[in-house]
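Add chains L, R and V to chain X, keeping to what the hints say.
Protein chains in written order, with the working numbering: chain X, 96 to 177; chain L, 96 to 177; chain R, 52 to 200; chain V, 52 to 200.
Hints were generated in silico from the structure; no laboratory data involved.
With the C-beta cut set under 7 angstroms, the calculated list includes, among others, these residues of chain R facing chain V:
1. 67
2. 68
3. 88
Built from N, CA and C at the ideal position, the CB exists for glycine as well.
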Amino acid sequence: MIDVLYFAWVRERIGLPKERLETSAVTVRDLIAELRTREERYELAFSDLRSLRVAVDQELADFDAPLAGVQEVAFFPPMTGG
Amino acid sequence: MIDVLYFAWVRERIGLPKERLETSAVTVRDLIAELRTREERYELAFSDLRSLRVAVDQELADFDAPLAGVQEVAFFPPMTGG
Amino acid sequence: MHVSVQAEPFDAGAELNRFTAQVAGAGAVVTFTGIVRDTAGVLSGMEIEHYPGMTERAIRAMQNEATARWALCGCLVIHRYGALRVGEPIMMVATAAPHRAAAFEAAEFLMDYLKSRAPFWKKEQAAGGSDWVAAQDADETALCRWQKD
Amino acid sequence: MHVSVQAEPFDAGAELNRFTAQVAGAGAVVTFTGIVRDTAGVLSGMEIEHYPGMTERAIRAMQNEATARWALCGCLVIHRYGALRVGEPIMMVATAAPHRAAAFEAAEFLMDYLKSRAPFWKKEQAAGGSDWVAAQDADETALCRWQKD
Chain X
96 MIDVLYFAWV RERIGLPKER LETSAVTVRD LIAELRTREE RYELAFSDLR
146 SLRVAVDQEL ADFDAPLAGV QEVAFFPPMT GG
Chain L
96 MIDVLYFAWV RERIGLPKER LETSAVTVRD LIAELRTREE RYELAFSDLR
146 SLRVAVDQEL ADFDAPLAGV QEVAFFPPMT GG
Chain R
52 MHVSVQAEPF DAGAELNRFT AQVAGAGAVV TFTGIVRDTA GVLSGMEIEH
102 YPGMTERAIR AMQNEATARW ALCGCLVIHR YGALRVGEPI MMVATAAPHR
152 AAAFEAAEFL MDYLKSRAPF WKKEQAAGGS DWVAAQDADE TALCRWQKD
Chain V
52 MHVSVQAEPF DAGAELNRFT AQVAGAGAVV TFTGIVRDTA GVLSGMEIEH
102 YPGMTERAIR AMQNEATARW ALCGCLVIHR YGALRVGEPI MMVATAAPHR
152 AAAFEAAEFL MDYLKSRAPF WKKEQAAGGS DWVAAQDADE TALCRWQKD
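Excised from the complex, chain X in its bound form:
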C-alpha cells in the first residue's frame, strides 16, 4: 500500500488531495501508467509529464525512481514559492 498525494492543479484535475493505493508498480513511471488507465481525470492530469514534478517520500525524484519500500508519492506542477 502506498499513499499518493496530489497538489495544485493536479489535485484539482483528479478531484482529491490524497488516496491510498494497492500497486505493483516498480517505478514512478509505472505508477503513472497504471493511474492513466483508471479514469479520464487521471489521463487529463498525467497527459504531459514535462509539466509534472514528483516527490518520493518527500524528496524530489525522477520518474524512474523505484517504489520498493516507499510510503508516499506526490505529484504536482513546478513549484512557485518565494
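Just chains L, R and V, lined up with the frame of chain X:
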C-alpha cells in the same frame, strides 16, 4: 581664497580639520606641492599620494583637477563606509 | 537557524530585530521580504498551497547548505500558506554573516531555491476567476548560478 | 527615496516596516544592515567621521543611479557617524522593486558604492589604542561589477 578640508588621519597629521588659504595653484597637484613646502606635518600628510583621495567642491576628483573657480578642496584617505 | 511555515501574517520588522539580536559575531544582516503584488491592478488576493512535512524538510535542507557554504552566523525562513491579501507579506528570508558578500549571496541562494524547490504553489485570485501562477523559466535558470563545478 | 546621515542609533525593524508601507507596487524588498562587529574580541567601540554636505550629495547620486538602473519602487539609506558601540547598527540600505533580482542587485550596488565612494572613515577603538580602518582592495574591486560596457 579657497577652503581646504582634511579628514581622518590626514586631519590628525596636519592637526586641523579646515583652513582658508590664499593660493595661486592651478591644479590640486600644485596645491599639494605648495602645502608640502610649508611645514613638516604637511610633508608627512602628503608624502604618499597613492594613499590619498581628493574632492573638489564635494565631488571626487583627480590630482590634475583645475582649481579655477573652486571654493572647497578636501583631502582624505580611501573611504571606509558601509 | 529557524524555519516557520505558517498561515498567519508576520511582522517583518519585528522578525528582523529578533533575528539580529540573536546572531552573534555578525557584521552583515540581509533580509528579503516577498509581498503580494497586484501587477495588473486586478488581483483580489492569493492562495498558497503547500506540502506539509516536505516543505519544512526542503527548507531545512536549503538552510543547512547555505549555512555551511557561506559560514553563516544565522539564517531565518518564514513562508506563509493559505489566503493572502494584496500588500501582505508572503515570505521572508534573513541571513547573517561576518561580511556583506556572504550575507547577500546566501540570501539570494535561499530565494532561488525557495522559488523552485520548496513545495509551494501560488494561485492568484481576480474578479474574473483564479489561476495557478506558472513557473518561470528564469527561476529555473537562476539555480544554475549555484551549481558547484 | 530617503537618505539620513545621523549620529543617533536607529531601529532597523521599524525602518523596514515604514519603508515597506510606503512603497507601492513592490513585490520584493531587500535590506542590508551593517553592525559593529568585534572581530578579535578586543574592540570597545567605533568612531565614524564623515564629510557633511558631500556625504548626503554622494549618497543621493548613488540612489539616483540605482533607482534609474533597476527601476526601483523605493530606496532608503541610513548611515551613522560619531561614537558607536559594539553590536550597534552602523548603517542600513533598503530597496524595493517589482521582482527579486532588481531589489538584490540594487542593494548590493548601493553597498559597494557606500563602502568606497561615500566619505565615511571608520576608526576602531580597543584597550590598546585606536586605529583607522584600512580600505580593502576587495571593496575597490567590487565596483568593477557595476561598470557598464
